[in-house]
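Undergrad: Next come the chains, spelled out residue by residue.
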Amino acid sequence: DVKVTQSSRYLVKRTGEKVFLECVQDMDHENMFWYRQDPGLGLRLIYFSYDVKMKEKGDIPEGYSVSREKKERFSLILESASTNQTSMYLCASRRQGARQPQHFGDGTRLSIL
Amino acid sequence: KNQVEQSPQSLIILEGKNCTLQCNYTVSPFSNLRWYKQDTGRGPVSLTIMTFSENTKSNGRYTATLDADTKQSSLHITASQLSDSASYICVVSGGNNRLAFGKGNQVVVIP
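If you read the protein sequences in the order shown, they are chains A and B. Take the first sequence: its letter number 105 is residue 105 in the numbering used here, and every next letter is one higher. Take the second sequence: its letter number 61 is residue 61 in the numbering used here, and every next letter is one higher.
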């Protein structure tokens, strides 16, 4: 089974801090994604990566950056955390191809105080 | 405007009963439509994928339908169980490989 592991289930940070969310997948998938999930808004794409060192902006990239130095690891960075970034963050990976399913991690619930 | 609309937003059903969830989309061109199940506190898990040429597909007690002409899909749950309590998310893939997500149908099964 594909396993997508997010480094923390719960995280509390203060406004202005630089925050790192880590995601690791064990199936050699080319594509990786970062989403945030908010009540009433559903899943929204922040950034995605088609392959190592490649990244593309999603629908809501403002205030975020990403890093993919190794194929199995995709990091989401909040450069200067703000309270409106309090949310559930979900990482996903997928084998290349439009018909391939995304495999999700169990999420990181991030609170910015 | 959201390109994927799901209804009802939430519903409560008795264990053993059937229910049907709806997904209407405006994504064009269309590549495929996938239903995900998301248990509380977990990430979404794929249930089924529908392509243009498929109009029905089953996965155990879950049956998905697709009408590509009217751009509608449904997910039917037969003989519901308590473990079916979850959010069901409809995701449509367009020609540019981008995904459009619905906001989900929240299902609660009560004994």
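Take these hints with a grain of salt, some might be off.
Stated by the list, open to error - Take a look, some chain B residues computed to stay more than 10 Å from chain A by CB distance:
#1 Ser46
#2 Tyr62
#3 Leu99
Stated by the list, open to error - Calculated pairs, DSBU-like style, for lysine-lysine (alpha carbon to alpha carbon, straight line, at most 30 Å):
#4 A:Lys18 with A:Lys53
#5 A:Lys18 with A:Lys57
#6 A:Lys3 with A:Lys53
#7 A:Lys53 with A:Lys70
#8 A:Lys3 with B:Lys103
#9 A:Lys3 with A:Lys57
#10 A:Lys3 with A:Lys70
#11 B:Lys57 with A:Lys55
#12 B:Lys103 with A:Lys57
#13 B:Lys57 with A:Lys3
#14 A:Lys13 with B:Lys71
#15 B:Lys71 with A:Lys57
#16 B:Lys103 with B:Lys57
It should be emphasised that the hints constitute simulated quantities derived from the structure, not laboratory data. Cβ atoms here follow ideal geometry from the backbone N, Cα and C, with glycine treated the same way.
Undergrad: Tell me the numbers of any earlier hints that the structure contravenes, in ascending order.
TA: Of the numbered hints given earlier, those the structure breaks are 1, 3, 11 and 14, listed in rising order.
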